[in-house]
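Respectively, the protein sequence lines represent chains S and A. Going by our numbering, the first residue of the first sequence is number 1, and it counts up by one from there. Going by our numbering, the first residue of the second sequence is number 1, and it counts up by one from there.
Bear in mind the hints are in silico, worked out from the structure with no lab data behind them. Heads up, a few of these hints could be off.
As the list claims (entries may be wrong) - One-sided and incomplete, this derived list gives chain A residues near chain S with beta-carbon spacing under 8 angstroms:
no. : residue
1   : 42
2   : 95
3   : 101
4   : 106
5   : 131
6   : 137
7   : 139
8   : 149
9   : 162
Stated by the list, open to error - Some but not every residue of chain S turned toward chain A, in silico, with C-beta under 10 angstroms:
no. : residue
10  : 15
11  : 22
12  : 23
13  : 274
14  : 276
15  : 490
16  : 560
17  : 561
18  : 659
19  : 660
20  : 699
21  : 702
For every residue, glycine included, the Cβ atom is placed at its ideal position computed from N, Cα and C.
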Amino acid sequence: MSVVGASLPRTEDPRLLRGRGRFADDLSLPGQLWARIVRSPAAHGRLLSVDTRQALRRRGAALVVTAADLPGRLLIPVRLAVEGTDLSPYLQPVLAADTVRYVGEPVAVVLAEDPYTAEDAAELVDLDIDELAPVLDPAAAATREAPRLFAAGNVAADFALGYGNVDAAFARAQTIVEISVEIGRHTGVPLEPRALLASADPLTGGVEIFGMTKVPVFNQGVLASMLGMPPELIHVHEIDAGGGFGVRGEFYPEDFLVPWLALRLQRPVKWTEDRAEHLVAANHSRQQRHRIAAAFDGDGRILGLRDNILHDNGAYCRTHGITVPELTIAMLPGPYRVPAYDGRIRVVLTNKTPCGTYRAPGRFEGTTAREQLLDVAATRLGLDRCELRRRNLLSPAELPLRREMSTLGTEVVLDAGNYPALLAAALAEADRLGYLEELRDGRKAGRLRGLGLAAFLEKSGLGPQETAEVTIDGAGQVLVLSGATSFGQGVQTVLGQIAADALGVSPAAVSVVTGDTRLQPAGMGSWASRTTVVAGSAVHAAAEAVVARARCLAGRLLEISEADLEVRADRIGARGDPASALSLAQIAAAATEGSPVLGPGEPAGLSGRGRFEVTHMTYPYGVHVAVVDIDPGTGQVRVLRYLVAYEVGRAVNPMQVAGQLRGGAAQGIGGALLEQLTYDEAGQPQATTFMTYQMPTAAETPRVDVLVTEHAPAPGNPLGVRGAGEGGVTAAGAAIASAVRDALSLAGSVGELPLTPDRILALAAGADGEAAPASTRPGEPVYS
Amino acid sequence: MSDTRRVQVTVNGHRHELTVSARRTLADMLRHDLGYTGTHLGCEHGICGACTVLLDGAPVRSCLMFGVQADGCEVGTVEGLAEGGQLSDLQQAFSDHHALQCGFCTPGFLMLAEAYLAECLARDAAGPGPSEPEVRELVAANLCRCTGYQGIIDAVLATAMARLAAADGQAGTAQADGPARADSQ
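All chains should be built: construct the whole structure from the sequences, respecting the hints.
What follows is the structure, encoded as structure tokens:
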């Protein structure tokens with residue numbers, strides 16, 4: 001049986017289950033100091049002075065630094081720059097020098113002998129802030145009258161993507177449907193807070209860092225330029241991380257401050273944020289207002305699509321730049337045939353925590369808006385929701401399809417697949433699992449029960465490249481070094497399976513090391529559902545290089561031509577003579593230093609390097625189906641059933657694919673119903689604990705059914721894999737909104753996420769304007 | 001008044017005696033003074049449950065207790081679950097049911113589940129057995145951001161059934177308990 005495709009137990013599990021994970025805060029070094037960040041308590045103001053004297057008097061306090069102590073005016077650069085966009089006026093300083101722009105903005109750092117003292121001393125740092133009026137509403141912020149966060153204004157970018165003649169499409173439309181949809185501000189919130197430990201390395205004059213994840217090589221480069229130090233002197237070590245979700249591992253102010261202080265003091269410095277800090281300091285995400293419209297012909301076929309979006313990016317442009325806005329409009333047409341499209345987005349800055357990506361960035365938002373639009377259109381057109389989608393989904397014959405847009409520096413080319421077949425399969429599966437029966441039974445019993453569905457297009461496998469090295473030793477042990485990183489999503493298991501499969505060895509013989517800048521100095525890290533696709537393909541290439549090298553050595557050892565060799569599992573021998581075969585371990589053992597089998601100057605041992613380059617992403621796709629109940633008294637939405645159908649190309653480890661989809665669905669349901677980072681009128685964040693930032697527990701999370709298909713292997717990589725990290729989240733907002741709309745028989749849009757009890761009660765009381773006529777009740781003819 | 005105290009505490013059967021600051025949390029004492037870093041801190045305000053340990057057998061949030069309050073107590077942490085080289089049945093079930101991804105919340109869920117499993121075994125055999133709704137309610141005490149909880153629920157339920165069956169076997173009762181009440185709602 002092939003190792004790729006097997007639901008093998010995860011190699012990460014035993015140590016994590018024993019409490020032997022190595023998370024950053026688990027590590028300590030002798031003589032370390034603890035850092036505590038002093039953060040702005042005001043949303044907007046002029047920072048007049050920072051008085052550190054009291055803090056320094058606290059016994060155990062070692063040092064307090066402010067912006068004045070930094071080596072110059074340091075701004076955190078954009079990692080994902082979009083050509084032609086200059087965000088330099090809006091970048092976040094490492095420490096605020098003269099203006100504070102959100103509650104939580106770093107202003108000073110306190111170092112002390114222990115974390116409790118550091119916290120005490122931080123409270124004694126006295127900030128004199130002349131408060132300015134905060135700007136909190138993105139529409140208001142975009143006006144000329146609004147107080148300015150920056151001399152350059154509050155609109156960081158205003159741009160559009162699209163193709164075709166949209167005006168003409170709308171001019172000849174039979175029906176035009178236009179709605180507003182607002183997506184709430186929420187974010188990844190990994191369960192492990194961010195943490196860093198940095199230690200000066202007297203041997204090299206450089207610094208060692210534990211706790212940088214996601215893109216360690218990129219962060220190494222940023223830090224090197226800020227410190228004026230060669231990147232090679234900065235060694236980022238592999239570490240366990242308690243969830244990433246897009247948020248963890250970007251370059252934040254602390255990623256400069258902690259290593260810089262360790263170098264300056266020549267003492268290890270450790271920093272672990274608390275949860276209240278995390279909720280105001282780490283990237284927020286998602287908040288957008290869509291005004292979306294579609295033009296339909298007399299048969300309900302889309303002629304054109306238009307979306308005008310306000311994106312509330314918070315106070316600065318951070319490392320993601322305008323990635324989320326760009327992805328939003330580039331991916332908005334989704335899996336549908338959209339002959340003409342115009343997506344415009346304005347990126348507005350407000351006095352809130354700055355934004356970045358959160359799992360399925362731009363797609364969660366855009367899919368919610370587009371799918372809600374299609375539901376409303378179905379009602380308006382008197383068509384079944386599924387039928388409307390069937391008429392508009394791209395057919396396999398239309399793929400590959402190039403849309404005249406680019407995102408993340410790549411052209412949008414939908415590669416392959418059968419979108420209508422997956423919709424049909426999802427609906428059949430939901431029926432088979434009893435969703436329809438439950439819908440009918442609940443309604444018969446008088447419940448406010450609704451069924452929701454949403455189709456979506458994902459993207460994954462972003463290049464441009466990834467690297468790997470595979471070595472097998474004389475005992476048969478395999479070491480895989482990968483430029484990917486792990487947040488706990490099972491990367492080691494998956495890369496190990498890919499290596500074992502290509503080498504024909506047992507997965508138990510494979511160890512995988514990721515996230516170490518010295519071992520893979522050109523690694524690009526893990527994000528954008530790229531790991532299995534790009535890092536997996538690099539490991540595959542490295543393992544194939546090992547086999548090629550082993551063939552060469554086996555030919556010499558057996559004294560026969562390579563052309564006469566055959567490879568069976570991990571053994572290479574003369575064709576038709578299995579008894580002659582040598583295992584990879586035997587070949588490695590025969591190729592040690594000084595072995596006569598090696599030619600002059602040839603490297604000893606048995607290793608291979610792989611680099612996988614790719615210019616286009618691959619586009620997985622799927623369908624979510626939900627059944628919800630609404631409590632008419634409290635307005636609470638309860639998710640009864642949930643299905644994620646997803647085309648993954650090829651599942652390396654089906655158990656883990658299902659796990660990604662289930663976990664993603666739970667997060668998406670949280671964003672659809674519960675999670676919201678709200679602010680009061682003074683710009684004070686209202687969700688700074690887990691009592692006020694409500695993530696789904698097991699009580700709010702249904703059993704998520706999963707239908708994973710492997711009908712459309714990705715043509716762009718040797719494994720055929722499509723990436724599974726985000727498809728569980730992408731359509732959750734859309735499917736829940738669809739189900740709520742169905743349960744309440746709304747004619748219009750649900751208007752906004754999250755669908756909190758207040759919002760539900762308002763909708764039930766007729767906030768969308770009109771009730772649907774019974775004949776077009778959206779829930780009835782679903783499976784016609 | 002001195003702000004330090006002498007504390008005696010037994011962790012996973014090992015006796016420790018140490019001096020801690022009166023305001024040091026039990027979680028910090030376990031992690032940073034005694035080296036039991038398997039106990040994790042996800043929120044430090046008692047919601048996420050990643051820091052759950054057993055205090056004289058009962059699950060507690062170790063972020064909400066001071067170390068000195070554990071004076072004279074037996075503390076059970078995740079490091080005490082595996083015996084020798086073998087994962088415990090519960091740990092193995094977590095792996096089998098894909099009940100963890102990043103593993104950060106996992107120690108808290110394991111300790112919470114251990115307390116529940118002990119309670120299940122101590123129940124009157126004539127009473128109701130473990131059920132999915134009951135386990136779901138238990139699991140709702142802690143937060144996980146990776147898995148969507150299903151694997152955790154399945155792992156705890158499977159372990160409860162297996163331990164009850166083993167206890168029945170040991171007691172020599174041939175009585176066949178029905179399967180767990182499955183309820184997908």
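Here is how each hint holds up against the structure:
no., hint, result
1, 42, "holds, 5 angstroms"
2, 95, "holds, 4 angstroms"
3, 101, "holds, 5 angstroms"
4, 106, "holds, 6 angstroms"
5, 131, "violated, 14 angstroms"
6, 137, "holds, 7 angstroms"
7, 139, "holds, 4 angstroms"
8, 149, "holds, 4 angstroms"
9, 162, "violated, 17 angstroms"
10, 15, "holds, 8 angstroms"
11, 22, "holds, 8 angstroms"
12, 23, "holds, 7 angstroms"
13, 274, "holds, 6 angstroms"
14, 276, "holds, 8 angstroms"
15, 490, "holds, 6 angstroms"
16, 560, "violated, 44 angstroms"
17, 561, "violated, 47 angstroms"
18, 659, "holds, 5 angstroms"
19, 660, "holds, 8 angstroms"
20, 699, "holds, 4 angstroms"
21, 702, "holds, 8 angstroms"
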